[in-house]
Amino acid sequence: MITRGPRQLLAEVQQPGLCIGCGSCVELCPYFRSHGGKTVMLHDCDLPEGRCHAWCPKTELDLEGLAQELWDAPYSAQGMGPHLAVVAAKAGPRLEAGSYQAGGTVSALVCAALEQGLVQGAILTGGRGLDTAPTLAQTPEEVTACAGSKFTAAPTLAALNQAQAQGCGPLAVVATPCQSAALAQRRAKPWPQRGAAGPAELVIGLFCNWSLDPQGLARFLAQRVELASIRSMDIPPPPAGVLQVETTDGSLEIPLDEIRDLIPPACAMCPDMTSEWADLSVGMYEGRPGWNTLVVRNEKARTLTEAAVEAGWLVVEEFPVANKEHLVHAAQGKRSRGLGAALAQGLLGVSGEDQPKALRVSPELYQAVESGEVA
Amino acid sequence: MATAKLIHDPYNLIITGVGGQGNVLASRMLGNVLTSQGLWVTIGETFGASQRGGSVMSHLRVSADGSWSPQIPAGKAHMVLALEPLEALRVLVKYGNPGAKAIVNDRPILPVAAIAGKTDYPSTEELEGTLARLTAQRWSIPATERAMELGASIFANIIMIGALAATGDLPVSREGFEAELLRALGPAKVATNLEAFDLGAAMVRR
Amino acid sequence: MEGQRQTMMGNQAITQGALEAGVRVAAGYPGTPSSEIIQNLAGAADEHGLYVEWSINEKVSLEVAAAASLAGLRSLCAMKQNGVNVASDFLLHLAGSGIRAGMVLVHCDDPGALSSVNEGESRHFARMLELPLLEPSDFQEAKDMTKWAFELSEEISNVVMLRSVTRLSHASGGVVPGTIPQAQGKAHFDHHGTLLDKGHGPVSSSPVVYKHRLQQEKLKRAVELFEDSPFNSYTGPEAPELLVITSSICNLYVKEALALLDASGRVGVLKLGTTWPLPPKLLQHNLGRCGQVLVVEEVIPFLEENVKIAAAEMAGEIGAKRFFGKRDGTIPAQGELNPDIVLGALADILNLPYQARPPEYDLLAQEAAPQATQDRDLAFCPGCPHRASFWSLKGALALDARDGFICGDIGCYSLAMRPTGYGMLKTLLAMGSGAGMASGFGQLGRFGMDQPVMAVSGDSTFYHAVIPALINAVHQKSPMSLVVLDNSGTAMTGFQPHPGTEANALGQPVPPVDIEAICRSLGAEVTVCDPFDLEATQAAALALLADQSTAKVLILRQLCALSPQRKGTKPYDVQVDPEKCLGDQCGCNRLCTRVFGCPGLAWEKQSGKARIDEVICAGCGVCASVCPQGAIIKSERA
Ligand SMILES: Cc1cc2nc3c(=O)[nH]c(=O)nc-3n(C[C@H](O)[C@H](O)[C@H](O)COP(=O)(O)OP(=O)(O)OC[C@H]3O[C@@H](n4cnc5c(N)ncnc54)[C@H](O)[C@@H]3O)c2cc1C
Ligand code: SF4
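Protein sequence lines, in the order shown, are assigned to chains Z, B and Y. Going by my numbering, the first sequence opens with residue 1, and the numbers climb by one from there. Going by my numbering, the second sequence opens with residue 1001, and the numbers climb by one from there. Going by my numbering, the third sequence opens with residue 2001, and the numbers climb by one from there.
These are calculated hints, taken from the structure and not from any lab test. Please note that a few of the clues may not be correct.
[Claimed, not checked] Reference excerpt, derived from the structure (chain Y facing chain B, CB under 10 Å, subset only):
#	residue
1	His2170
2	Lys2605
3	Gly2621
[Stated by the list, open to error] Over the 10 Å line for every Cβ pair with chain Z, so calculated as not near, a few chain Y residues:
#	residue
4	Glu2305
5	Asn2306
6	Asp2400
[Said to hold, decoys possible] Each pair of labels, with its calculated beta carbon distance range:
#	chain 1	residue 1	chain 2	residue 2	range
7	Y	Gln2508	B	Gly1117	44 to 52 Å
8	Y	Ser2635	Z	Glu115	40 to 48 Å
9	Y	His2124	B	Ala1132	49 to 57 Å
10	Y	Gln2292	B	Gly1117	53 to 61 Å
11	Y	Leu2429	B	Ala1136	47 to 55 Å
Computed from a prediction, not measured in an experiment: that's the story for all the values here. Idealized CB from N, CA, C, for every residue including glycine.
For reference, chain Z alone in the conformation it holds in the complex (with noise of 0.2 Å):
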């Protein structure tokens, strides 16, 4: 697997438009940091190689060859990746009341971990409104006042970093799929230096279909209502299709058309909605309010739902195997249309090629996507 350094992270993730600021780049060293949504560089490094590019989800994620390295399996076009069950979950009596996005189900299994000591501390997204604010929670109320979606992209991994160089024991991340891909780089290419950050004990993946630019978000709103006045936004589950945004003075409802120009590039190259590279993956529950999709995927994950089921943080049921199937379907059909993204623009490649590639796959899936079978 290949690594470059900062000047061609600059040159091919930055300067392209292709950075999604999830922070795994960011409070590694002093040279790049987040700042209102944006990930920048403070001065110039020339080290030819470096955690920041080794580690970045948006260039050289070679599918293959994490596949073979953390799941011993190839990556497959078809199925939402490797999983043990999916099942139908929602947070137990356990957890304090909340605004959590659906069934609290994220919540409950940071909780649950805690509780159970296999993290110290768990990596969230906090904030209200514009501000995503990326925490280390320790407590069960401090993971509640992280609850509830924040549509716009965030550094979440800029606290990771943080809370690392601070020496913080094992940790759990809830990630959506980008920041699952950045901390399946970790693991896939750990860095030999004392003390240097690194992956995480626990991924709690979200399911993503797509972000909003933080920025750009910010600008839209601006023509609207007060920036400061905004007090929270959501996405109420389909078939609404719009985006809530609440203010001191009231609320406002925006057409998700309106705002589809304000996803990141990055986003349309993105071949992952289920987070296949976590341990967990959540998501809504279509049709069913106040209940989660979970996916679990591996053994350590089994052992923790499991965990949570018993104490109380989790209660959950069977999974329609209609639901799954369109659930299969959504997943192959992102996954098709991100790969398909990146060979129109020339980013997709296969393992050995010399040239940057923003995404790499076995020379068999790149002949299917070039031949539009996987489409």
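Given chain Z's structure and the hints, the job is docking chains B and Y with the ligands onto it.
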């Protein structure tokens, strides 16, 4: 007043170093000692922005009759008093000649580009070798080190003056310098500065 | 030490001349290479009963000096070349009205821009404003000419300009000082006469045409005196092959070059000390000596052109001449001169061979050159607050990420155009023009410009010329941010006081005029920060950038490392813990030495660790906040 005889007229001395090393003071004091011998001294200096970390040169022209250009012509230095080794080299490349002598403080001050790793400061061996080829006679002395022992790096320039005096090239006597110290710095500072002068002189006589 | 030859700096010789002339009032604005003149006069003020001030800018200093002259006291005004531009509006009118007691304007040019951002020529003001011009060519003349300039000024009741250059002002040479008279005479401004009564009436340049005629008559009187001035001299054979006409320090270069070429027998040198207006008879006599003329001077071909005009006017008597100089490229058109350049020109014209040293040595020197050529780029001093300030401004502009930029201004912080200030300054022009231009850039949002703009200014520059620009920005609602780098003194030129300091040039207590209060009074929002607090400074700058509604001010206040209060003190002992230092590994990559770049830091290649050079380190401790690893440790000194 009987004017001292000079081995060259004008005698061309360049005091060189890096901004902040105090070579302006050194050249002034030296100039005054020589003027009190009835000689004409012309000193060319650079001030201002050029002092901020840049190379700083003082050109001293010592003559029995009149002022000379405050800039010494290329290839015409008789003596280079360098507070910094790379500066000695820089001066010799332009102003050196087969008869040139040099007294060089051996403590390097890295240019910011070298600190930043953009350029390499030449190794001591390289520098010594080149300086040897470009001079007829040369003294390399640990002036900064000795100055620190005396309490402050700034004494290095007085140590250098002591060394210059000991070469006998110019009529700079211990007494003459003492009188100048008294005049320029006041009685409180004479003793340590004279000690610095003697230290420098001893390093050349040895 | 009267009567005994001393080695004096050119500026000190000028001071001495002014004192011998009985100067009573002196004023100026600091600027290399002129600053020591006012500084020395301030030092002598007590003993000789003078009033000396560092004025807010050159124009005001000239006005202050003019007032003294009109009240019957000899006065002197000193400034650097571009200072004359600032003062010139007043000078134009003063030249038209005339003065009473002797008044001399000393202007020091900086050929080669050794300490300037221009190679401005101030001699042409003499021609443009029709004032006499003197140019000393060595140290004794600097003293004698200054003294005589006062007499000339009184003889023609007008200002006399005396031009020095860096290589004279800042060089030292032999001067025999004379007697300094007792101060006498009461100041009184006589204003009861008519407008036409130049000795007793109100002072004005009108009625213009009448006064202009008077002024030109004065100039004619000056020329008469110049014809036999001892400051003009000829040396050389009666009928040389080549006549060199020169002035100022170039005279010593010519002397040196002729000695090295051993050509004194073939070349005559007409050294002129009174360079405007040129004395025609003297010129005619000397131009008549031969057919070839070389004019040696610095900056613009001022002397050359004036000589040529004169030669054309007297062509009937002296015939056609072959001229060499700047206009035909014999003498370079830019940069300062030195003996070698003059020697090259002479050797060419006379067809003489010259070799400074044996070719074998040249070869050795050439071989050594690559080692010696690494330049010492100018850098902020160790412990300089500007390095810290620009570090934080750089961070803020990067985080803001809208391609914002900083308009620079004149002072030590001008160095921020170079690597030492991370190349942060994107414009660098005249005093005060950073703020003025930022005020203009700020208005361009209406044309789609979405880059935020900042300006920096030093404290002295703030008073000199920034205040009007700031008022403009506030009044026109220009969304710019002015960052005042307040290091409490005119640091660049050697710590002259300015209106913000608590003592004046004479060391007397004066009420400081507070920058912060001025800005607030204008209605600008003001934040004050210690630039050594990197985090707070960056946050403050970022906040300024975020608010694009109006003009704002950030004052970064910290003493200059060379200030009398800080120099030689070391607040912290600073050390690098090699265990913690990451060096050039990922996670740091030598942030302190490679990027921050304080000269007090050193990089140990062998060990791959940073180190503090304790000889150079000023102990400010800022690098401790730069290091991402906490490897740089500062401990307060007992
Ligand atoms: C940008 C975005 C797009 C999404 N798109 C879809 C989709 O298309 N389909 C679907 O089924 N589900 C999507 N989700 C997931 C869904 O919104 C819920 O997060 C998920 O169902 C979990 O619900 P919950 O009640 O368990 O969450 P909660 O218990 O409320 O926990 C939510 C957690 O999400 C984290 N979080 C919030 N915002 C962000 C962010 N911007 N980046 C990273 N982490 C964040 C917080 O740390 C918090 O812990 C998306 C989520 C996000 C953030
Ligand atoms: S900034 Fe700190 S860690 Fe980096 S090289 Fe300097 S001392 Fe070492």
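- Item | Whether the CB-CB distance between Ser2635 of chain Y and Glu115 of chain Z falls inside 40 to 48 Å | 43 Å, holds
- Examine each Cβ of chain Z, and state whether all of them lie more than 10 Å from the Cβ of Glu2305 of chain Y. 49 Å, holds
- Task: Grab the minimum C-beta distance from Lys2605 of chain Y to chain B and call the hint holds if it beats 10 Å, violated otherwise.
- Result: 8 Å, holds
- Message: Quick check on a hinted range of 53 to 61 Å for Gln2292 of chain Y and Gly1117 of chain B, using CB atoms only.
- Response: Once the Cβ atoms are compared, 55 Å apart, the range 53 to 61 Å for Gly1117 of chain B and Gln2292 of chain Y holds.
- Taking 44 to 52 Å as the hint, is the beta-carbon distance of Gln2508 of chain Y and Gly1117 of chain B inside that range? Since the Cβ atoms of Gln2508 of chain Y and Gly1117 of chain B sit about 50 Å apart, the hinted range of 44 to 52 Å holds.
- Given as non-interface: Asn2306 of chain Y, which should sit over 10 Å from chain Z by C-beta: Holds, since 52 Å exceeds 10 Å.
- Query: Taking 49 to 57 Å as the hint, is the beta-carbon distance of His2124 of chain Y and Ala1132 of chain B inside that range?
  - Reply: Once the Cβ atoms are compared, 51 Å apart, the range 49 to 57 Å for Ala1132 of chain B and His2124 of chain Y holds.
- Query: Do the numbers back the hint for Gly2621 of chain Y, that is, is its least Cβ distance to chain B under 10 Å?
  - Reply: 18 Å, violated
- Message: Given the hint of 47 to 55 Å, is the C-beta distance from Leu2429 of chain Y to Ala1136 of chain B inside that range or not?
- Response: Distance hint for Leu2429 of chain Y, Ala1136 of chain B holds at roughly 49 Å.
- How about His2170 of chain Y: closest beta carbon in chain B under 10 Å, or not? 5 Å, holds
- Whether Asp2400 of chain Y stays farther than 10 Å from all C-beta atoms of chain Z, as the label says: Asp2400 of chain Y is in fact no farther than 10 Å from some Cβ atom of chain Z, at 7 Å.
Violated hints for the displayed structure, listed by number in ascending order: 3, 6.
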